[in-house]
Structure formats: C-alpha cells, structure tokens
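Just so you know, the sequences run in chain order A and B.
Each residue of the first sequence is one higher than the one before, starting from 1 at the first, in this note's numbering.
Each residue of the second sequence is one higher than the one before, starting from 1 at the first, in this note's numbering.
It should be emphasised that the hints constitute simulated quantities derived from the structure, not laboratory data.
Worth double-checking, as some hints may not be accurate.
[Unchecked claim] Here are some, though not all, of the chain A residues that point toward chain B, as calculated from beta-carbon distances under 10 Å:
#, residue
1, M256
2, G322
3, G417
4, E561
Virtual Cβ for every residue (Gly too), placed ideally from N, Cα, C.
2 protein chains.
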Amino acid sequence: MAYRAPVEEVLFLLQHVLNVQHYGNLEGFDDVSSDSLEQILSAAARFAEDVVAPLNQPGDGEACRFLAGSVKTPRGFKEAYRQLVDDGWNSAAVSAKLGGKGMPYVVAAAIEEFINGANQSFAMYADWGFYASLLMDAEGIEQLRRDYLDPLIAGTWSGTMALTEPHCGTDVGMIRTAATPQPDGSYRLNGTKIFISGGEHDLTENIVHFVLARIDGAPAGTQGISLFLVPKFEAARAGMLGKRNGVQCLGIEHKMGLRASATCRLHFEDAKGWLIGAPNRGLKQMFVLMNHTRRACGVIAVAGSEAAYQRASTYVKERVQGRRARACDNGEESKAALLLDQPDVRRILMRLRAFIEPARALVLWMALQSDIYERSREESAKERARERIELLTPILKAVLSDMGFEAAVQAQQLFGGHGYIVSTGVEQYVRDLRVLMIAEGANGVQAMDLVMRKLFRDDGRGFRSFVNDVSQAAQDMPEDLEFLNEAMSRSLIDLIAAFDWLHGASAADASAGAYDFMTMLGLVSLGYMWTLIIAAAGKVLSAEEGMHRAYKIARARFFMERLLPDTGAYLRRITSGAQDFLNLPADAF
Amino acid sequence: MAYRAPVEEVLFLLQHVLNVQHYGNLEGFDDVSSDSLEQILSAAARFAEDVVAPLNQPGDGEACRFLAGSVKTPRGFKEAYRQLVDDGWNSAAVSAKLGGKGMPYVVAAAIEEFINGANQSFAMYADWGFYASLLMDAEGIEQLRRDYLDPLIAGTWSGTMALTEPHCGTDVGMIRTAATPQPDGSYRLNGTKIFISGGEHDLTENIVHFVLARIDGAPAGTQGISLFLVPKFEAARAGMLGKRNGVQCLGIEHKMGLRASATCRLHFEDAKGWLIGAPNRGLKQMFVLMNHTRRACGVIAVAGSEAAYQRASTYVKERVQGRRARACDNGEESKAALLLDQPDVRRILMRLRAFIEPARALVLWMALQSDIYERSREESAKERARERIELLTPILKAVLSDMGFEAAVQAQQLFGGHGYIVSTGVEQYVRDLRVLMIAEGANGVQAMDLVMRKLFRDDGRGFRSFVNDVSQAAQDMPEDLEFLNEAMSRSLIDLIAAFDWLHGASAADASAGAYDFMTMLGLVSLGYMWTLIIAAAGKVLSAEEGMHRAYKIARARFFMERLLPDTGAYLRRITSGAQDFLNLPADAF
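Okay, chain A solo, but in the shape it has when bound:
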C-alpha cells in the first residue's frame, strides 16, 4: 500500500477554498495563480511518494543507532536527505533573499504534509533552513549569519532546538545550562540537554544547536534565559568546517515511535557559543520558532491521519469478512461481504474523513494567515491575521494532534488483529503520531496558554472577531444546506456560553475547564472549515464533479450531526466547576 500525496485535494483547497490566487500582491504569491502551483505540488508529491515513503517502515524497524558518540540513521535516509536538499524542499519556505525558494507558507505547508505523510521521522530532519532563518533574524549577528545560516539554508548543515533539560521541559524558567562570557565576545556553555531531535546524526557534516542557557548572573526564571548558537564544528569560513566544539551526544532515546528520528541527550562542556540577539530575551526568540513548530504539529497530524486512512481504506475495500447486517436473523448465512459494506466500518471511515478534510483546510488556512501577517502591507489585515494565529495555534497543536492520534487508532482498528502486527504497517502511525500530543509543549499546556493567556486579551477581541466570521460563513450557506447553519449556530451558542463562564470563573476553575474549551473551539474551527469547503464545492465543482460535491456534503453532514454536537457535553463539563477535586488532599490521588 503506497502512500499517495493528496495533491488534488490540496489544489481544491488552495484554489477554491482559500483562493490563494487573490493574494498576488503578497511576496512569493506571484506564481501560485498559474499552473506552476500544480507543478510544484506534483513534484513534491513524487519526491514524497517515491523517495521518502519507501523508507518509512524499514526506518521504524531499523531505527537510529548510537555508537561511541555518533548516530547512524536508517539505510537510505542519507540519499533521501541529499535529494531533499538538491530539490530544495528543505528551503521551500525560506525567503528568496536568503537563498530559499521563497514559497508562501500556504504552499510550503502542503509540501510539509506530503513529506510527513510519507515519513514522519524523516521529515524531522528537513526544516532547519527555515527554522534557522527565523532564529537568526536578530541584529548584530551578520558574521554568524554568513558563517552558519547559509549552509543551514543550503541544507548541507542542519540544526537543533535545545531547550529541555532532565529536570525541566515545559517549565523553561528552570533551565540551568550556564553561559560564561569570554573576552572574545563568545560564551562557554556548560550543561546537559535532553530530547534534542536531530542532536546528532550522519545526514549532514555539521549540526548547529540553538541553545537556551542562562548567562552567569542572569535573573532567575524565564527573564534570565538567552539564546545561543553552539555548533558541533565551528565554521572556519563560510560553509567550511573548523574546530570540533565541546558538544557530545551521550546517547539516544529508545522511544515508543518516531524511531528513525534521533532524540539525543547532549552534553555541553566548555562549548563555544555565540549570543543571538539581546541577553535574557532567549525565550521570546525561541517562541517565534515554537509557534511555527506548534502549528507544524497540526500539519503532521493531518499528514499521518491521511496516510493511516489511505491504508485502512484500501484494506476494507479488499478484505472479505463478516456478513451483511441482520442476515443471521433468518437462520441462513449470507455471502461474506467486503468490510466496506459493514455499516460500523463505514461509520469509522466517515469519522476519519469528516475530520481529515477540514483539518487540512484549517492548517492551510492558518498558514495563509501567517503569510498575510508577515507579508501584507495592510495593517488591518495583518492585525486580523495575528489574532487568528494567536487564537488558533493551540488548536492546531493540540486539538489536531488529539484527533489525529485518535484517527490513527481508528484506522488501525479497521485491520482487526492484523492492525496489531508491526509488518502490516498501520500501528506505526499510532506510535508516531502519539508524540504530537506531547512534544512542543504537552497538550494540557496548550490549553492553559489558550485560556489563561490568549483568550481574554483585549477583552477577548480576537475570539469575538473569529466567532463573527464563523457565524457569517454559516449564515451564508444556501437554503438546501441549512443543516450546516443550524448545527454551527447551536455549537456557537455553546462556545460563547463556555467563553462567558470561563471569563467569570476563578483561575482554578478556568484552568480545569481549559482543555474542554480548547477542544470545543477546535470542533467549531473544523466546522467553520466545512462551511468554507461546502461553499467552494457548490461554486466550482462542475456537473461531472457532482458526486465529488455530494461526497463532501455527506462528510460535512456526518461532522455536523455526529461530531460537532459534542460541544454541548463539553460545555456541561466546563460549567460543572472543579472546586471539589481541586481541594482534595494529595492522598486522594
């Protein structure tokens, strides 16, 4: 069962739902209104399908191996990485000025989906050109940029984000890695970092670590964290290797999944590093990147769900098993049927599709908001995009990763006993996608971020403005699709009631309701995407594509009738409050 990148679906979303051709005035969008969009996506699809996907299952079996400080990636990864770089997919989103392809995020996100759908572990190594360009945007580091950023963007070197330490993950204020100023303006770093993806490997000749550390004497907590560039090898001159630095890989983690991605323990011992930007601003700088990687979790969740769905869909169309409903009641046995003919199997398939399609729309829509925010010259459009990004980043990170994991579990379920066997190739998606609920800030942290920090800013202006858009889109549905408007209206009422309740609640009650609110907002966001998809399908899908539109309406109906109404249950949970369990002593747990 080969992975097929969903090019047609992405084209429909970009051209008809998001109308990217209307954004020709934004940098990098000049190409996207022409045939070249299809060419770019098809080329990326071929790379993902032919080069990357075949390495997925073998890579999981072989896994990364650690030997004497080095990490060997699975067979074939090196060659695939070289082609990734040769084709320039690693720098799709990097601005052309810096030597990248300068594609809009909305296109780069689609490519990111394809590569992740083909091989989530491999994709972990692929984006350091872009990430480094975000981190190295500070003033006064022109020399560092010449020495390090160019090869990072070229992909001949790769990077890492080094935050977590053994005693602290989420709580970065507790970081202990120490940076001591040196007379030449550099720093000496000492400390240990864990869970560093790509901290050591054999795909590139050099690895550049972006490290959060504390300058000697810096204030306690998050106010004293600075960002450093610490290379494995110093740059002798641009792109050329110099001296080996004091960074050692102590080992790699044996993980539940994502086994072909090297998760490293790194030890910094008098490692030479350079401060990036102002001292004690490291957390803020890292958050520019973190917000991208959090949204990327949504992209990856869609990618993995799609891949798992494709396998399940192929299987149930081939596997003959079980009888048609109620055939057993008349004493006779009917002929065995395809699994696809079992109503409960169809229910699961519908559930997957009803999630995957709007989830893909949402990640692309959010990527477009980033494009607008970063490239538009219209202040009101920028501000609106900023609000959407702020509000919905936790949705992409957390709600899509929760639902994506659940989708993989359901896809696995359709295989019966075979789904539990490694060689079938579907359980890997469950193990790989599981990490998205944990990495880049566990999903509970996202809920806190949303409700305790973002939601009520400026009196909840961003939320109210988003709700208005959602409500308007629902009201614009044609009369024969009134069920969309009805379902959305009901859930918007639930959502607003939850918002109002949280607004007046104690911090503790609000915290205890945060996760459920986040999930509600996620469901409404997906419903919003369904209204946009259906509106576009009604306009552009011609007569011969009528069935295509009918399928989408059936999926939207499934979503509106069977998934969205859960907002009522979430509202009840939130408003039940939490005092009785927040006040329990520790021995009650």
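Using the hints, position chain B against chain A.
Here is chain B on its own, set in the frame of chain A:
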C-alpha cells in the same frame, strides 16, 4: 515505581458493595465471608508484585524469540510460571472436583486483575487450566479428560484457542482447516492458524491446541465447524508425553505490544486430533470460552489502567514543573509547583479514577453474576444473572477496553516527553492495552453482537430489567447525594430513547448506531456501579474513614458531571441515522 495490587479496594468492593458474604449457599463461597478472603488476596498480591511485576518491562524489551520452530519466552518467565503453578493461581477458578482451587469467579477475577496489572503478557499463559475445563465439559470424552485435562489443570501443560486463519478472523464461518476421520476414531487435521497466543513456548513441556476445523463434507459456514483437541505431544498415559504430533510453529508475530506473549502461526499437517462433543457444534462450544475471555478483556483493561494510573500518580507527586494558575499574569513568577497542583493534571487524574473504580466494580459484579448463574439453584436468580451476562459482556469487552486504552494514553500524557520514552515504563501500557480493543472479536463486532443479536431478544426484557435495577439504585441515593440520582435519571432517559429509536430503525441504521449505543450503555453501567459504591461507602466507612468516603463522592461527582452526560451526544449521533453514508459508492471512501 513498583506495581501495588489494589487489595484494599477489592476487599471494599467484595465485602461491602457486592456483599459476597451473603452468598454462602453457593459452592466455593463458604470461605469468602471470613478472614481467608483477605489472606488469599494478599498472597496473590505478593505473587503479582514480587514475582510477576519485575518481569514486565524487561519482558517487553526482550520479547519472545523464535528459533527453528521453538519459542523462547523472556528471562524469568519460566521460574515465575513455575511458581504460579506451585501456588495454584493458574487453577483458582477451576472447580475443586477437577483438582482446582474452586474459588468463586468473583475472587478469581480479582486475582486475574492483580496478575494482569503486574504483567499482561505473562498473564496470557496463566489460565489454561480453567479454559480447558470449560472446553472439555462434553460427554463421551472421559479418556481425553484423564489424558489431557489433568495436566492442563495442574499447569504442567498449557493450551491454546486456535480459531483465526490468514483469510478469516471475525468471520469463523470461513474456516478452512480440514479434519479427516480416521478408522481409530481420531481425525487428521490439516490447515494453518494464525494469531495463536501461546501456540509455542518453553514454559510447559506440552501444549494442547483447541482447534476449530471442518470435518470433510460438513455444511458450509458456521454450521460446519467442529472443535478438536490437537496436542503438540500425544499423551502416552496420564500426564506423560508420547509421540510428537504434526503441529509446527512457523513463526511468531512482531507486535505493537504484548511482546512477551508468543503470538504464533501454526501449521497442522496430518496432525492427530480428537473431536470434542458433537460434530458441527464447535462454534457454540468455543463461545462458552469466548464469553469468558471477552469478559476477561474488561478485567485486563482495569488492571492496566490501574497500573498506568499508579505510575502517573507517583510521578505527578514528585515532579516539580510549571507554575500555579495565573501566577504569570502579575508579571512575577511564582515558585514552581508539583504537577499535582496543576488543575488540568488533577482533571486527568480524576478522569482516570472516575473510570477505574466503577470499572473494577463492574468486572467483579459481572463475575458474581457468573457465579450466580453457574452455582445458584434458584431459577429466577440464575435467569436474571444470565440476562445481565448476556447484556453486559460486550460492555466489559469493548467499552472497558476503549476506556482503558484511553486511560493509559492519559496516564502517559502526564509524563510529558518522558512518557514517550520506553524506559519510563508507561508507554508499554498503551501498547499492551491496545490489543484488548482488537482481540476476542474487534470492538465493532461486540457492538453488532449487542445491538443486532442480544438487545431486542424477548422484546428487550434483559435490557428493561437492568434499567429498572439501575433506576432503583439511583432513586435510593440519600438526599444529600441527589446529584447522583439526577445525573443517572437524565442519562437513563437518553439510553431508553436510543433503545426505542434502534428498535424501530432499519438494520443498517441500527448497525451504524450500535457502537454509540454500546458506549452509552457502558457509561450508564459505570454510573450504576458508582451508585452502589457510594451507597456502600455511606454505610460502612466509619468516621476515621470519612475522607475515604469523601474522595469517593468527589470521584462519583466527577463521573456524573463530566463523563456520564456524554450520553446526550451519543443519543444525537444515533438518531441522526446513517442512510446518507451507507448509500455512498465505494469511491467516496
């Protein structure tokens, strides 16, 4: 973090919620009203904690290994198995007449929980004395019983249940393994079976396969399936090994979890076997066993959830990470707090406890129903127990395995990044518990069995009678706990509405709603258990145990406010019908 068998909790349930001391008139119950119950459970707990649990994580790492037709279990399994047999835990539920311990199921189920909580893979090898005694209850096989059943009960030999073939799992009517009658009254079996747990291993000197096969010329479908006993070694005389039989292990599966349990592909080539019972009655005979193993899935789900919860609870009481809610708003940073002090962490812990406690009650309550059904002389009590078993077996198998898996995922989540690392020891529960949703008939099959076969039998008498009991228990709640009655009443209304809708629905619509109905019935059953638990806690927990009662009330409230009300969402899903997606052509999926 050592596993602790929940002896105290089980004693509370047995003595005060289920009142097992009132059943002294049933065989095997004479001991349970005395101190010996505590002694038995404590001894089983020590065995599980000290002998079995330490092998769990190493066993997952080492896994079973296949070499030239043989299977090597992980280090220590042989010794632990020997002690299991020496202590007689393998025959806890086997009747004393047959040489077993003759314990009530309700006690044996608790012991089963302890051993599974300690090590799910190991426990897979432990119950063949009991299973064989169920399968070998037929007439006319006295010699077979002497030759094979005695060593199976003694545990010197073990057994397997061999149903699945490469082309058929759920749909046993498609079985192809052929049995050819021989002049001496035996049969020659030829065919291949897959997914055979314990099909080959090094724990016992002999393995007795209970095989479903088709006698030459038998009717097609399930009406032509017979049950055979096919040993690895023939018995020379009682308990002594004779000739090696034509059963070969072709290999073992590399699975997502349960890696220390050998899942075998078996090839039968002119293997000698004996018919058990009448020809063509094999499926019915096997179902006596299957109904037990399906209920056992519920026991195992509770066991794994409890074990995962214990780890998470220990971790969040030690791990300092994150700040108290809203501390960040005033610009200052508060001192880092225990994870236990985060409201969202408490929400997750409560969710786990709110499920685990009534789930344990439910599996023990169901075991007691089996005791009553098999041992009572009162016809009305037997019939009532039969109805409960029929109705709720799918709940134990499917709803508890769904919720148990989810519980393990949530427990893992509390560890953040560490939860994804194998050595932390929590992700194994996710992988191990996953199988329960698939094995013994995938959960979708359970939903079909419930709604399409069991629910409407005798005009739904069993369902109505159960609903009456549940309703009565809710109404009996004291006034200060009126929230229990209110929540239960609302959900019972939902449940009955769903029942009525399904009753009038087409077969296809009913099939598409079956899974959601099953989950509703599961939630209501767990709620029922909460009412029984709270009623008992109010009566028996003395003043110094007041907190204990208060904790249970807080958990019950969490369940009633945050989990049970989901029945409303399920009802909406069911009644939305399924025609629009059941009618879609295959290319829509």
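Results of checking the hints against the structure:
| no. | hint | in the structure |
| --- | --- | --- |
| 1 | M256 | holds, 4 Å |
| 2 | G322 | holds, 5 Å |
| 3 | G417 | holds, 5 Å |
| 4 | E561 | holds, 4 Å |
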